[in-house]
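Trainee: Sequence:
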Amino acid sequence: MVLGEGAAIGLFVGGILGWWEVWLNSDLTHRMFWLATQRLAGPMVPGVGWGALASATLALLLGQLARRGRRSLWIGVICLGLVWIAGLAALAFPLRDTAFLLHRFSSHGLTRTVFGSIAAASFLLLAGRSWDALTPARGGLGRLRFVVALLAAASTGLMLMLWVLLPRLSAARAAGRPSIMIVSLDTLRADRLGALGSARPLTPFLDGIATEGMVFEQAMSAAPWTLPSHASLFASLLPFDQIRRWDYNREPPLRQTLLAERLREAGYRTAGFTGGGYVSAQCGFGQGFEIYEDHDEVAEGGPGKIATAALAWVRAVRRVPFFLFVHTYEPHYPYVHADFANPADAGRLPPVVTYKEIDAIHSGALILSEAERRYVTDLYDGDVAHTDRVIGGLLQTLKREGILDRTLVVVLSDHGEELWDREPDHSPGHGHSLYQELMHVPLLVRWPDRVPAGSRIRTPVSLIDLAPTILALTGLPADPAHQGRSLARTMQTGEEPPPQPILAEAIEYGPDRFLIREGNIKVVLTPYPDRFNLVPIPARPLEVFDLATDPLERHDLSTHLTKPVAEMVDVLWRRAKRVLSGPVPADEGRPPLPEDLLQQLRSLGYLH
37 MVLGEGAAIG LFVGGILGWW EVWLNSDLTH RMFWLATQRL AGPMVPGVGW
87 GALASATLAL LLGQLARRGR RSLWIGVICL GLVWIAGLAA LAFPLRDTAF
137 LLHRFSSHGL TRTVFGSIAA ASFLLLAGRS WDALTPARGG LGRLRFVVAL
187 LAAASTGLML MLWVLLPRLS AARAAGRPSI MIVSLDTLRA DRLGALGSAR
237 PLTPFLDGIA TEGMVFEQAM SAAPWTLPSH ASLFASLLPF DQIRRWDYNR
287 EPPLRQTLLA ERLREAGYRT AGFTGGGYVS AQCGFGQGFE IYEDHDEVAE
337 GGPGKIATAA LAWVRAVRRV PFFLFVHTYE PHYPYVHADF ANPADAGRLP
387 PVVTYKEIDA IHSGALILSE AERRYVTDLY DGDVAHTDRV IGGLLQTLKR
437 EGILDRTLVV VLSDHGEELW DREPDHSPGH GHSLYQELMH VPLLVRWPDR
487 VPAGSRIRTP VSLIDLAPTI LALTGLPADP AHQGRSLART MQTGEEPPPQ
537 PILAEAIEYG PDRFLIREGN IKVVLTPYPD RFNLVPIPAR PLEVFDLATD
587 PLERHDLSTH LTKPVAEMVD VLWRRAKRVL SGPVPADEGR PPLPEDLLQQ
637 LRSLGYLH
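In my numbering, the protein residues as written are 37 to 644.
Where hints are given, some of them may not hold.
Subject to a maximum C-alpha distance of 25 Å in a straight line, what follows is the list of computed SDA-like cross-link-like pairs (lysine to any residue) [to be verified]:
1. Lys613 with Ala602
2. Lys613 with Ile573
3. Lys341 with Val426
4. Lys599 with Asn556
No lab work stands behind these hints: they were computed from the structure.
Whenever a hint applies, use it, and build me the whole structure from the sequences.
Mentor: And the structure:
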């Protein structure tokens with residue numbers, strides 16, 4: 037009964053943790069019952085094992101102390117009680133982010149309920165083992181404890197059966213569907229790809245993907261910085277329709293259904309290997325993934341370990357449909373690789389340009405010469421080339437092993453990088469504007485025999501179109517909450533999609549800004565130019581550009597609005613009025629981000 041009672045306690049604790057995740061993700065509301073079952077069973081199975089092990093360990097320890105005498109036993113019980121209190125204190129404070137990642141997305145009341153339930157269960161286990169040692173004759177509780185142990189044994193058997201059967205049942209549900217791989221190359225400008233016009237040979241591997249697949253020549257991001265862009269990518273929602281504000285105390289709410297959850301519900305194996313930071317699990321992006329590894333690329337010296345981990349995982353699940361998300365910050369500063377840089381241009385700059393130099397440039401403490409600017413730009417190009425080698429190596433290995441040709445591969449960037457295109461105070465950098473150097477992103481799709489090789493799409497599309505497109509290509513039902521459209525027909529036939537307005541939004545870095553693009557006409561509206569949010573960045577109230585005749589956006593046409601352009605402005609005004617009319621939501625007292633994530637964000641230049 038010692039093992040049975042411990043298993044029952046572990047089963048209860050695992051069930052509480054599983055229920056917590058199911059509740060926060062609104063799985064039942066979204067009718068994602070299969071995913072809810074997996075989330076419940078996931079912590080319950082190891083909970084049974086750990087509970088039984090803890091119970092047996094306590095019984096053996098206290099049994100040994102009882103043989104030494106009652107005094108030794110009481111001392112042992114008191115010491116175990118103190119250890120229990122210390123352990124709870126450690127879990128509640130310094131280890132909270134490691135042990136209870138979900139607390140960042142949970143209200144204080146719900147978190148306290150979960151923690152209290154786990155504390156009560158662990159106390160019950162400790163008290164039960166202590167009572168057994170102090171009073172060997174159990175008395176009238178023996179029958180009740182026998183029933184509890186019997187139920188625990190039955191539940192354990194059920195959990196083990198689920199643990200064995202769920203992967204097989206999931207594979208059966210996904211049978212016949214293609215594997216999917218999304219590669220996000222953070223901060224990669226579209227104009228750095230040879231397939232999109234770069235004269236420098238920076239991306240031979242990615243250009244090969246473009247030749248073997250489809251190139252979207254005018255893909256647009258939904259936001260000019262990492263967190264809202266990826267959130268829009270996976271949720272197919274514009275930034276202001278997900279949450280009013282992203283700052284260092286808030287994350288995308290888990291109640292949104294992300295692409296990985298839909299695919300896992302359909303039976304896919306899911307994993308993500310990322311550069312962390314604003315795409316970390318601590319920012320909410322791990323939901324729906326069985327495995328989600330955040331790497332510190334600055335400390336690791338680049339994306340090599342990300343590629344290695346992703347390759348190992350794919351090899352392990354290659355026989356069943358999988359969804360793999362690979363992300364790297366390699367094109368993002370710090371700028372490291374000097375493949376194309378002339379040391380004579382460095383001037384006052386060190387060989388590696390880190391966030392410290394970037395911060396000095398942005399603050400005006402370091403004003404660069406033309407040669408120094410060229411040096412930084414060339415370092416950026418070197419990082420792009422290194423990204424191509426590492427990610428290209430991963431893709432080439434998967435191709436040699438016969439995995440890539442069975443996989444729908446999407447390569448994209450979340451936003452670009454300004455490199456003295458217009459604003460010296462914010463170069464190099466991103467997040468601060470909606471100009472094309474930040475919003476125009478690469479989007480490549482490869483799927484042999486399904487996506488026409490060498491096809492090019494000139495119609496503007498948005499990254500929020502990707503999630504609905506993948507659902508359609510895999511035969512899964514559309515999500516009515518998605519704001520993007522499916523491009524499945526375009527990918528399958530190579531035909532241009534019908535023209536449709538493209539919307540995007542800038543949030544937090546400077547005043548709130550709204551973008552609409554129809555064809556080559558682009559309008560940027562800043563309703564409240566003096567509301568700077570986190571960063572004081574000047575902005576014009578209204579800008580209009582014709583990208584056909586003015587691709588660098590040098591000539592503002594807002595002083596002479598045609599009727600179609602005035603209608604586009606009206607669309608933005610009505611949207612801005614709707615999303616900015618309410619108060620900023622409270623953060624429900626959520627704690628600041630963990631120190632390790634804050635340090636990583638500092639190394640990437642986001643925090644100072």
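Trainee: Next, verify each hint and record whether it holds.
Mentor: Evaluation of the provided hints:
1. Lys613 with Ala602: Satisfied, since the Cα-Cα distance of roughly 16 Å is no more than 25 Å.
2. Lys613 with Ile573: holds, 21 Å
3. Lys341 with Val426: With a Cα-Cα distance of about 10 Å, the restraint between lysine 341 and valine 426 holds, given a limit of 25 Å.
4. Lys599 with Asn556: This hinted pair holds, its Cα atoms lying about 16 Å apart.
In terms of the numbered hints stated before, the structure departs from none.
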